[in-house]
Every structure is written in structure tokens, then in C-alpha cells.
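Q: What follows is each chain in one-letter form.
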Amino acid sequence: MSSKMALFFQTPALVYGSAIALRVILLFYGAWQDAHSAVKYTDIDYLVFTDAARYVSQGASPYARDTYRYTPLLAWMLLPTTWSGPSFLFSFGKALFALSDVLAGWLIARSLVSAYGMDAPRALKYASVWLLNPMVANISTRGSSEGLLGVLVIALLWAVLRRRVILAGVLLGLSVHFKIYPFIYGVSIIWWLDREHDGSSSTKTPSKPTTTNTSTTLSQILNFITPSRIILTLTSLTTFLLLNILMYTLYDTPFLQHTYLHHVTRIDHRHNFSPYSTLLYLSAAGEVQGNFESLAFIPQLLLSVVVIPLVLAKKSLPGTMLAQTFAFVTFNKVCTSQYFLWYLIFLSFYLPTSSMLRNPKFGGLVAALWVVGQALWLQQGYNLEFLGLSSFVPGLFLASMGFFAVNVWILGVIVDDVGSSS
Amino acid sequence: MKTRITYLQPPTSPFSAEQATLSSSSLNIRDLDAVKEVRVTVNVAEIGAEDGDGDTLVNDVLNRSDEIRIRWAREEEGGVAGGRVDPFGSRVSAGLHVGYTPLRTSPGDKEGICNLLRRLFDKGIQCENHSESFTTSSRSSKPTYQFYTSLPEHTLSEYITKNICRGDGPCATAGWERADSIDLDYDAVSGTLVVSGYWSQPDSADGWTEEIRAPGNDRDRVEVGLLGTEKAVEAEEIKMGGLLGVVGVDEALKPALFSFPSRHHVLPSQATFSVSFPQPTGMHPTMTISLSPAALEYPAAPEDTTCALHAYLTLPSYIFGDKYQLSTTDPLFLDSHHLVALRAVSGATDLEAPDWFVSHWGSNWLLELATPTDLPEERNVTVPLHLRYLRPSETGYRAAGVPWPVVFWACTAEGGTKMGVNPFDRVNLGWDGLFGPRTMFYQVHPSGETSRHVEELDVPVLRLNEGGFFRSKAVELGTVAALILGLLWVLWKLGAVARSGGQKHDKAKKSQ
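As you go down the protein sequences, you meet chains D and F in turn.
Residue numbering for the first sequence follows this note's numbering, starting at 84 and increasing by one per position.
Residue numbering for the second sequence follows this note's numbering, starting at 2 and increasing by one per position.
Among the hints, erroneous ones may be present.
What the hints assert, rightly or not - Under 7 Å between C-beta atoms, here's a sample of chain D residues computed to sit facing chain F: (1) 364; (2) 371; (3) 390; (4) 473.
As the list claims (entries may be wrong) - Derived coverage of chain D by chain F (criterion: at least 3 residues anywhere in the stretch with Cβ under 8 Å from a Cβ of chain F; other residues may be distant): (5) 111-121; (6) 352-363; (7) 458-469; (8) 485-497.
What the hints assert, rightly or not - Listed below are the simulated DSSO-like cross-link pairs for lysine-lysine, each with C-alpha atoms no more than 30 Å apart in a straight line: (9) F:324 x F:143; (10) D:416 x F:474; (11) F:324 x D:123; (12) F:324 x D:416.
The set of hints was computed from the structure by calculation and includes no laboratory data.
Heads up, the beta-carbon is just placed ideally off N, CA and C, and yes, glycines get one too.
Generate coordinates for the entire structure from the input sequences, incorporating the hints supplied.
A: Below, the structure is given as C-alpha cells:
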């Protein structure tokens, strides 16, 4: 059995073929369910994207569609879904998202080989955590655009690890334009990208001059400013600004409002996995005197933008990006299950050196707690949404606190593991 | 002031001449089994306060309005077919409906119309101003703004009696507080206010016994009709016959027979619908409209017309439809709900906002319903709806009333003649403006099995027990504590990594 498994991972065609087959089957199944059942496989978000694409095809703004809160790029990409012709054209976007998934998996495997020195079968095995993950395939084929973001983020990581700084800068700018949160990677990449990592000093020589303490601060600052860091910063900012200027010229205020400002002004009173959700409901209803939730960005950004990159980035860039994303999602004011995909994509890089895989029992416990934490919350959510029971307190409140505790504990484990790798 | 009183007897009810005796000063009605309509037309200048001065608030608002259309309907209805008979067949959902067009030349203060509603109906009506609380419909151009609120009780009858009737004439003694529906119509062109009331049942079991007195001056006029309906020759027409008279002018009631094309018709009394929300309603209640077989039968409309069954929903802001879900053309979805299409929607259709952030009163939905080719016993039409978050409460629940929709067949004529003069015509009901001017409507009756035509939903909300454990403070402190502890835990872990990394670095230095 294990030899068969080994053979499977030795044959890339089999792995990628399976990943593609899984998605093709789901695409066809989805089309079948949509055609035969009033309960649709297709995600509601996909209807938002395709509606927006239709508006664009008619020369209108994609923001004419309510709840379209994405870059116009997404609507442009889905223009083929509006073409008249065979009905499978409607699934073009899903196929694109699914293909992005597979591409992201391929880049994961490539990076594992090139940056971690893994042999190809082992790299494929770990990349399969993403490639053959049914949850990932399901989300993409239902028409959620997270797969597109996944491939951008992994391509960014791949470009950085291959020292393709300009490409990395462009990808970073594009990802942030797409979904804001990847800006956190900018910090860790810049911190990681020292002379030792950027390829300018090929041998591992102690580049620090043995100076006395008096000039260290200045020399450290000067040392910090390297050509690669400057190039990355400039290319990413330029890409981000150019895209935004272009979209702003085309679509004016609605673009700014829906893509960016919405995230500042949104109320997010509806229940979700976030530990803040009960408090946000209360404060939105004017029942709270304090204004604590307006400070929510402090713990979130302190961890994901400052401390985690500074402490971990030079030890392992992918591990740091995982920890950053995990912290960002865990401490976010809103959290839905799609956000889990943001960190799941880094698992393939983290697992090989993790305590969770070294000690499978421990790993099982972590996975079980994560699943149980969600299940308890989902049960309370079901009681509210479908049974109409008032489960906000204590049910949903305690469930989201419990899930938060589990996540914070897992984050601690990840920090330990990434910290001890080098 | 002109007062027109119409008694409409059912065909089965006998009538003898002594039941209506006219003298030079009054008309005496005795034990008359009939529905009643009273229509009072006053000049705006005649509306006044009790002390004789004009009602400045009401006069100001009226003078700055192009038109105001107010329709109020009682939540409870009694009698066969809810007491609606031709030509008084048209309906609105229970509650207060307002159509409003301000004068373009002097828009005035935007709160005016809200103040008017509070003055006339109830001090507690939640209404800020016409641009924030009212909604606009893209389809019907006039009236420009619409408003709705549930209103089981109101003070309008008092206002009508004291400020509009201003005396003890038949207008004042009409018994407005028992009316099943009241309409107020104002338009700037005529400068008059028309108040119409409809009573589906007499105030006593024996029938109406009333003294209708002649007006005390020459300007006022009181007309009375004692009528019944007969079968008309043309399908679009209603034929009425009986006695007419002007109290204080005519010496005897005069027989009359006339017919007119009517916009509104009632279906046979077996054509009924009832509304329910299957339990548990959760946060996504499904409105179920159960139609009787007779309601599904194609109406006896003129041959050159095409008819379709419709439901017009009036949804307060806390409950709403997803316009993208409902405007789908997917036959699987539509068939599973027995819908044909969403024909019109207006108002608050935001999919995410909690109720307290929605300034508009709510939304209106015109749905075309599917009718089967073969007639089943009964048929359910379902409309998937969603609830907004409501403010926290002590019990963890809040009651949310949803009025029954109006269900009707709309029959449109290809060419057809223009609707002729109908003395009992009724327009500006919210839904009629969504159809062409030559459309005829056949009303399906709300089922008489339940008399109250409003469904109450229990909306789960955050339970806040300020005396007990679940206080807002507990949630706030709990959240803050959890977040700080979580943050400290991760920082401590990171600190441990940083410390050990530093030690390693030192060791590496020393070993060099």
C-alpha cells in the first residue's frame, strides 16, 4: 500500500492529473446539481462576480451590482461568462479559479524543491495537502475567487525565494490591490530579504563589520537599505498605485468605496467566527459604552505586521507568512470559513518541519481541536439561523471564544515550530 | 363639504320601503343589512382646529404637496370574503400606506409629511422625513414617495370627526372608528381632501340604524344611495340599481339603474388565500401563500384580456427578500416556489444592514404566481425571505409582524377602451400603478378562518439581561480579556523564540 502511495507521488502526472480530475468532476457535478436542483452548488458570490461581469460587458460599472466588493480585474477576467454561446461558458470563472488552485499547487511543489532542497516526490506529497484537498477544490469549483488569490500569494513567495525581486514586487502590489490583506507579507519579505537572502552575498560570510556600539545603529540602518529591498518596495507600490489609479479613472468613487473604504466603514454585526462578533453586534446596536472594537486592529497588526515578521522572518519565510496569516485571520474583526484558505495554502511549507507531523498524535489533536471548535460554533449558528433560537449569548459568544482560544494556541505551536527551524 | 353615503345590500337581503324614510330634514335608515361607504369631500380651507382656527400644520403640509394618497386598512377583517364586495373589491395590506408627491415649486420642510401622519394617525409613528423614511419606485412616477407602517389603532377617526367634519352632520356621526379601511386623497389641482371610509359590516346584528341629517347650510350637500349589484352585460362592467337621494333637497328617493366599467372586481367568495410561515422560521422565514382551487381558476374577465395571478408584498424593514435570488430566471428555483417572476421591487433591499441602520420603512414586491394547468385541491406559493438583525432584548426575541400580501389576478387588455367614469373607482393602492391604466384586477379574498391578517414572527436577538449575568458589560469584558490573553500568549511564545535565537547568536559569535 505504502509503495503504491510512493509510486503515486513519484509520478507528477498522476498527482496533477488527480488534482485536475477532482476539479473537473466537481465542475460537472456542480453543473448537474445546478441544472437539476433548486438548491444550487454554485456559490452566491459567483453570481455576484458574473453579474458584475455582465454590467462590464454592457459598458457599465461592475459596482452597479450590489455587494460587488472586489477589484474590477475580477469582473474583467470573468467577461467570457457573459458571452453568448454554449452554456458551459458560464463556468469559465470556476474553471479559472480551479486552474489557479492547481497552478498554486504546482508552484508549491516547485518551491519545496528549489528552496527546501526536497526531492520531487516528497515535495509533491506535501503539495498535495493543497492540490488534493477536497475543501480547496470545493471552494474553487463553487466559484469562490480565493483560489485566484492563493496562486498570487504562492507566486509571490516563489518569486521571492527565487530572488526575482521585480516580479515579487509586481505580484505583491497586485495581490494587495486584489484583497488588501497580503500587505502583511510585504513586511516579512522585506525583513527576510537581507544581503544573505537576496543573493548579493553568495557565500555565508559574516558581512557585519566588527564595529563598536557607537556606530551600530547607523550602520544597521544603512545595512538595512539594500537594492533588493528598495526595488521590492518601489515595484510593489508602483504596481498597487498604477492599478488603483487606473481603476479610479475608470470607475471613480464606487471603486474606492466598495473595494477599500467599505472595509473601514462596514459594521459586521452578523455572527461569524471572529471573537469580536458578539461585541460588534452590541456596539452596532449602541449597547456598549466603550469603544474597544475600534482598537481591534492593534493586536491584529502588532502580531501580523510587526512582531511575527521581526522574530520569525529570517528563520523561515513561508513559516512566517503562515503565522502572519494565521494571526491576521484569528484576530480579525470578521472571520468566515473562506478566510481559512488564506493560511491553508502555506501548510505544505510548514508541515515538513512541524511538531504536528513529527508527533502525529499531537498533530491529530491540533486538527481535532480546530475542527471541534468550528463544529461547536456551527451548531450554535444552526440553532440561530435555522431553528430561530436566540443563541447569541452564551452559545455563539462562548463558541467563538473557544474557537479563538484554539486558534491562539495553534498559533503558539506554529510560532514555536517556525522559531526552532533555521 | 360634500358627503356621499352608499349602502350596498347583498342580493339575498330583502329591502322594504320603511327601512329608509326621507323627510325634509333627515333620512332614517332602519335595520339595513348592507356594507357602507362614506365619501367626504372638503376644501382644504375648511379643515380646522376645534377652536375654529385652521389647522396650520395640516394646511401647511397640504399646501406644499402635489398629492397625498393615504390608505389605511384594519388588521382584523370579518364576514364572508372579508366583507369585500363589488365595486369595493380592492385591498391593501393591513396598516398605513402613504403615497406622497411634494410640490416642486415649494418643497418645504421634509419632515412635514411625517408630522402630518403623526398628527392624523398616531403620535408614535416612526418617520423622519420623506427622503429618508419614504421609498421611491422606479416604475410608477406618481406618487413619488411611498411609506408604510403597521398601525392596528389610530386616532384618525377623532381627527376626522373634530377637525374635518366639524359638527354633528352625517360626516361626524359616520362611526369612523369602526371603519375597516379609510382613504385620504389630496391633490393640489382640485385643492380638496377626500376622506373615504368602508364598513364591511353594520354596527349591530340587525343592520344599520342611522339618522342622516340634512346639512345646516346651503354649501354642504349630503347624497345617499341604497343600492344593490346585478349581473352586468359586459364582463368588465358592474351594474348597480336602487334608490338615490339628496337629503334636505329631494322629497323622495329616486330609483336608479346604472352600469360602469370597473377596474376592481371580486372573485367568488370561495377564491381565498391564507398566509403562514412554517416553523421554525429561523433567520430565513419562508412566506407560504396557500391558494384555494377557486383562486387559481382563470377569472371571468373580458375575452380580449390576458390574466396572470399576482401577489403584492408589503414588507417592513426587518424582513426582506433577496432581489437577486427572487429575480432569477432559473425555472427550477421558480417552479419549486410556484413563482413565475419578480415583476417589481422597490424600497430597502440592502442585503446586509441591520434593521436599525435602515432608514426606509421597508420594501414592496410584486410577484407573478404560477397557476397550474389542472386544478389541484390547494396550492402553496412560497417566497423565501430573510430577517435583519434587530436590537438586543431582555428575552432574546423580538416580535415582528408581517402583513398578509394582496393577491389578485391582473388582466390586461390588448387595445381596449379606456376605463370609463366609475363613481366608486379606487386608485393609488401601491400595486395598481405597476400595471397599465386599462388593467382590470380580480381580488382573491384573505381566508376568513383567521380574522387577523398579520403574521407574527419571533426574531432571535442577542439576549441582554442587564440585571443578570448576560450584560453588555460581561460580553465586553469577556471579549477584551480573551483578546488580551490571546495576544499575551502569542507574544510570550514569540518572546521565547527571540530569546533563544539571541542565545544561539551569542553562542555562534563566541564559537567564532
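Q: Hint by hint, say whether it matches the structure.
A: Here is what the structure says about each hint:
Against a cut-off of 7 Å between C-beta atoms, the interface hint on residue 364 of chain D holds, since the closest Cβ of chain F lies about 6 Å away. The interface hint given for residue 371 of chain D holds, since its Cβ lies 5 Å from the closest Cβ of chain F, which is under the 7 Å cut-off. Hint on residue 390 of chain D holds. Least Cβ distance to chain F is approximately 5 Å, under the 7 Å limit. A least Cβ separation of about 3 Å between residue 473 of chain D and chain F falls short of the 7 Å threshold, and the interface hint therefore holds.
Beta-carbon proximity to chain F at under 8 Å applies to 4 residues in the stretch 111-121 of chain D; the threshold of 3 is reached and the given coverage holds. With 6 residues having a Cβ less than 8 Å from any Cβ of chain F, the stretch 352-363 of chain D passes the three-residue criterion, so the hint holds. For the stretch 458-469 of chain D, the assignment as covered by chain F holds, since 3 residues bring a beta-carbon within under 8 Å of that chain's beta-carbons and 3 suffice. A count of 6 residues in the stretch 485-497 of chain D with a Cβ less than 8 Å from any Cβ of chain F is obtained; the coverage claim is therefore met, three being the minimum.
A distance of roughly 23 Å separates the Cα atoms of residue 324 of chain F and residue 143 of chain F; the hinted pair therefore holds under the 30 Å criterion. Restraint check for residue 416 of chain D and residue 474 of chain F: the C-alpha separation of about 19 Å stays at or below 30 Å, so the hint holds. Between residue 324 of chain F and residue 123 of chain D the CA atoms are separated by roughly 17 Å; this keeps the pair inside 30 Å, and the hint holds. Restraint check: the Cα-Cα separation between residue 324 of chain F and residue 416 of chain D comes to about 28 Å, which is no more than 30 Å; the hinted pair holds.
Comparing the model with each earlier hint shows no violations; every hint is respected.
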